[in-house]
Structures are given as structure tokens and as C-alpha cells.
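> What follows is each chain in one-letter form.
Number of protein chains: 2
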Amino acid sequence: MKIITVSREFGSGGRELGKRLADILGYDYYDREIIASIAANKGMDKDFVENSLENFSWKSIPLTYGRSFIGAEAVYSIHAELLAEQNNVVKEIAKKGRDCLIVGRNANSILADYNPFNIFVCADMEARVKRCKAHEKGTDRNPDDLERSIRKIDKNRARTYAMVSDGNWGDPRCYNLTVNTSGKSIKALAQATAEFYKFQMDM
Amino acid sequence: MKIITVSREFGSGGRELGKRLADILGYDYYDREIIASIAANKGMDKDFVENSLENFSWKSIPLTYGRSFIGAEAVYSIHAELLAEQNNVVKEIAKKGRDCLIVGRNANSILADYNPFNIFVCADMEARVKRCKAHEKGTDRNPDDLERSIRKIDKNRARTYAMVSDGNWGDPRCYNLTVNTSGKSIKALAQATAEFYKFQMDM
Chain R
1 MKIITVSREF GSGGRELGKR LADILGYDYY DREIIASIAA NKGMDKDFVE
51 NSLENFSWKS IPLTYGRSFI GAEAVYSIHA ELLAEQNNVV KEIAKKGRDC
101 LIVGRNANSI LADYNPFNIF VCADMEARVK RCKAHEKGTD RNPDDLERSI
151 RKIDKNRART YAMVSDGNWG DPRCYNLTVN TSGKSIKALA QATAEFYKFQ
201 MDM
Chain D
1 MKIITVSREF GSGGRELGKR LADILGYDYY DREIIASIAA NKGMDKDFVE
51 NSLENFSWKS IPLTYGRSFI GAEAVYSIHA ELLAEQNNVV KEIAKKGRDC
101 LIVGRNANSI LADYNPFNIF VCADMEARVK RCKAHEKGTD RNPDDLERSI
151 RKIDKNRART YAMVSDGNWG DPRCYNLTVN TSGKSIKALA QATAEFYKFQ
201 MDM
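Those protein sequence lines, which keep their order, are chains R and D.
Going by our numbering, the first residue of the first sequence is number 1, and it counts up by one from there.
Going by our numbering, the first residue of the second sequence is number 1, and it counts up by one from there.
Quick caveat, the hints were computed from the structure, so don't treat them as lab data.
Incorrect hints may have been included.
For identical chains, the list gives no copy identity; a pair is met inside one copy or between any two copies.
Stated by the list, open to error - Straight-line distance between alpha carbons at most 16 Å, and here's what the computed EDC-like set of lysine to aspartate or glutamate pairs gives:
1. 184 x 85
2. 46 x 124
3. 19 x 166
4. 19 x 47
5. 2 x 99
6. 42 x 147
7. 187 x 166
8. 133 x 147
9. 19 x 92
10. 91 x 154
11. 187 x 202
12. 133 x 99
13. 184 x 202
14. 95 x 126
15. 198 x 171
16. 133 x 47
All figures in this text were calculated on a predicted structure; none of them were measured in a lab.
This is chain R alone, in the form it adopts within the complex:
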């Protein structure tokens, strides 16, 4: 069984690259399914789970949970509970024993014992703002505003990664391959990454 993990900066096209890569290789693909599983297992709302896992910070306190306001202690406790459940769900995927590719969820750290092939996808800020603009049909947020949102999301990803691992999020030494998508076609990069992946196994 082979496992690939894809971590990515927001707006870098990492999710699309991961999906295409899984398709090329014929691997099972996991992304938002993991959030859905965590939500189902905990009997919680999917959006709440995603929001809690992605946007956890002091600033998000107090969060509303269902219809009630909840305090800092409860927020921390729920966040810890969700991280633990995320750990379980990601490990269950690996236990299936099928070749798979997992986007996000700190899977590179959670599944370190399986020696996965870990990919980080990045891009310069200009390219990321442009990509977000292209995907935000109908809305008209200005680039500065988008840049602030991108930085905030990445900061949260880095913070969560720091909670569950010894390494630093985005440090190329924590991944086997780091792909910069700026100015490149994601479709070509997915094919290129698939080729790299196949040839690096040939030791």
C-alpha cells in the first residue's frame, strides 16, 4: 500500500493538483470526506467541524455552537476533540490498506509511521490572489482583502500543524517534494508530479 499526502498553501491549486494526481495514479482520493466523517462520528454539523478545524484561534472565541455561545475552555476542548477524531479518521483510511492520496488534515504527520510520500504545494502571493479571484465567481473582493484572508488561513494551518507535529508547516524538509505552481498549468504539474513520484520509488 502506498500513501501520498498533499499539504498546500491556500490558493496554490494544491487541491486540484492532488485530485488530478490521484486520478492519474488510480489512488483513492480523500479531502472533504474526512470532515464529513468527523462530523458524522461526533454528531456535529459539517460546517462547524470545518470551521473549528480550519479557523481555530484565540480570535474565534467565543464561537457559537449551535444556538448557544460557548467560552474559551469549551472551544479548546472541542478543538482538541476534533483533532483527536481527525487523527482516528485519517488512520482508519490508512488501515484500509489501499493506495490513497489525502489532501490536508496534517496527514503527513498523522501517518508518519506509514512513510508516506509527502507533497507541499505553494505559490507566490500574486498567483494565489489571481487564482482565488478566478474561483470567486460573482463576488468582487479586492486583492488586499483576499491577501489578508489567504494569510489568515495559512496562519491557522501552520498553527494547527505545530500542535500535531515537531516540524514547521511549509518547511521543505517536512515533505519529499515541494511544488511551486506560480505561472504553471496545474494539469501539467499533476502529470509531472506523477512522473516524479513513479521514478523516485525506483531505488
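Use these hints to put chain D onto chain R, whose structure you have.
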């Protein structure tokens, strides 16, 4: 004409990866030849040029130049002169118009106008110390001592890069591809990188 640049952490196997990659692709390969050209053009000793470019720092002052001691001002002035000559030599290579691969020398920054394909090669410290040990035949330096040397060389590379570019040395956004060699075969990685390179062009 296509240009590939390879920047690398000391002990990561980046030079070997670059050499193999150039061989696979049939590209002209430049590495220490550049130091030799700078030395010849300036009428200076090759080792002095290499030492000045690689180990430039306040701590290296006073340096001996030939048989005389020289002061801080002269060291700075020589360093600036060598960086300028390095710039010329690297640009001359590009002007030849032949497909080529250049290891080190901040070529990614110097040749930015040519839109080269930029690779950074890294590895975790344990792997780098091990690689240095394997290459240091006959000597018996302890791992802590080797680690200090590795960090010092990288610090100098980062400092020189900061002098000639806007980006940060080793930041994956400054390169198209960052390859972590820890625990992998350089031979397989060179082939994998060649495949990645060929497919990413297919836009």
C-alpha cells in the same frame, strides 16, 4: 534555449543530483568551472576566489590575500568585485544560447530574466551529516562538528543570496521545485526530477 539552476543545502547531494540531471537531459553543466573563470578573469587564485565567495563574513576579516594581511574595507571591496564578476560569468554562459544547468552561484537570481527552471535541493540534518561523513574519507570529524560546519556554510549561502536577490534562500517560492533527498537515492531522484521537468513544460 532552456536553463536549469540548482541551489542546494550543503550535504544534501544537490551537486550530484544536478550533474546527473544535466547528463540525463544532455545539457551543458556548470559548477566549479564558474569559480575557475572568475579567478582567471580577475587574475586571482581559484581557492581564494572560492573562499571569498563561499565564506564571506565579518568573522573572516582579516583575510590573508597572497602573503599580506588585508583589512575589512579591502575584503568587502574584493567580495563585491567577485560577485560582480560572478554575475558576468553566469550571464556569459546564458548568452551562449545552449541548454544548460548551473549549480549554485545564485544563478536563479542572476538569470531571472531568462525564466530558468529553478530547483532547490534540501535534506534533514541527519541525512546531511551522514552524507558528509561518507564523503570525508580518511578524516574522523564528529557529527556535532560537521553539523556546525554545515550550518555555517548554509548561513553564508543565505547571506550571499540576500545580497543579490529579493527573496530568501531556500524559500520554496523562489524555486519551481524543491526536492528533499533524505533517505532517497540521488540517482532515482535525478531521473524523477528529469521526468518532472519534461512534463511541467507541457502547458
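> Now, for every hint given, state plainly whether the structure supports it.
Here's how the hints hold up against the structure:
When the C-alpha separation of residue 184 and residue 85 is checked against a cutoff of 16 Å, the pair qualifies neither within a copy, at 36 Å, nor between copies, at 32 Å. In this assembly of identical chains, the alpha carbons of residue 46 and residue 124 never lie at most 16 Å apart, being 31 Å within a copy and 38 Å across copies at closest. Within a single copy, residue 19 and residue 166 get their C-alpha atoms no closer than 27 Å, and across copies no closer than 33 Å, so neither meets the 16 Å cut-off. Taking the shortest Cα distances, residue 19 and residue 47 never come within 16 Å of each other, neither inside one copy (22 Å) nor across copies (50 Å).
Taking CA atoms no more than 16 Å apart as the test, residue 2 paired with residue 99 passes inside one copy only; the shortest distance there is 5 Å, against 36 Å between copies. Neither within a single protomer nor between protomers do residue 42 and residue 147 lie at most 16 Å apart by alpha-carbon distance, with minima of 33 Å and 47 Å respectively. With identical chains, the CA atoms of residue 187 and residue 166 are never at most 16 Å apart, being 32 Å at best within one copy and 29 Å at best between copies. Only within a single protomer do residue 133 and residue 147 lie at most 16 Å apart by alpha-carbon distance; the minimum there is 11 Å, versus 45 Å between protomers.
Taking the shortest alpha-carbon separations for residue 19 and residue 92, neither the intra-copy value of 20 Å nor the inter-copy value of 42 Å comes in at or below 16 Å. For the identical chains of this complex, residue 91 and residue 154 are neighbours neither inside a copy (24 Å) nor across copies (37 Å), given an alpha-carbon limit of 16 Å. In this assembly of identical chains, the alpha carbons of residue 187 and residue 202 lie at most 16 Å apart only when taken from different copies (9 Å versus 24 Å within one copy). Neither within a single protomer nor between protomers do residue 133 and residue 99 lie at most 16 Å apart by alpha-carbon distance, with minima of 34 Å and 36 Å respectively.
Within a single copy, residue 184 and residue 202 get their C-alpha atoms only as close as 27 Å, which misses the 16 Å cut-off; across copies the closest is 10 Å, which meets it. When the C-alpha separation of residue 95 and residue 126 is checked against a cutoff of 16 Å, the pair qualifies neither within a copy, at 40 Å, nor between copies, at 30 Å. In this assembly of identical chains, the alpha carbons of residue 198 and residue 171 never lie at most 16 Å apart, being 23 Å within a copy and 26 Å across copies at closest. For the homomeric pair residue 133 and residue 47, neither the shortest alpha-carbon distance inside one copy (23 Å) nor that between copies (52 Å) is at most 16 Å.
The structure shown violates the earlier hints numbered 1, 2, 3, 4, 6, 7, 9, 10, 12, 14, 15, 16.
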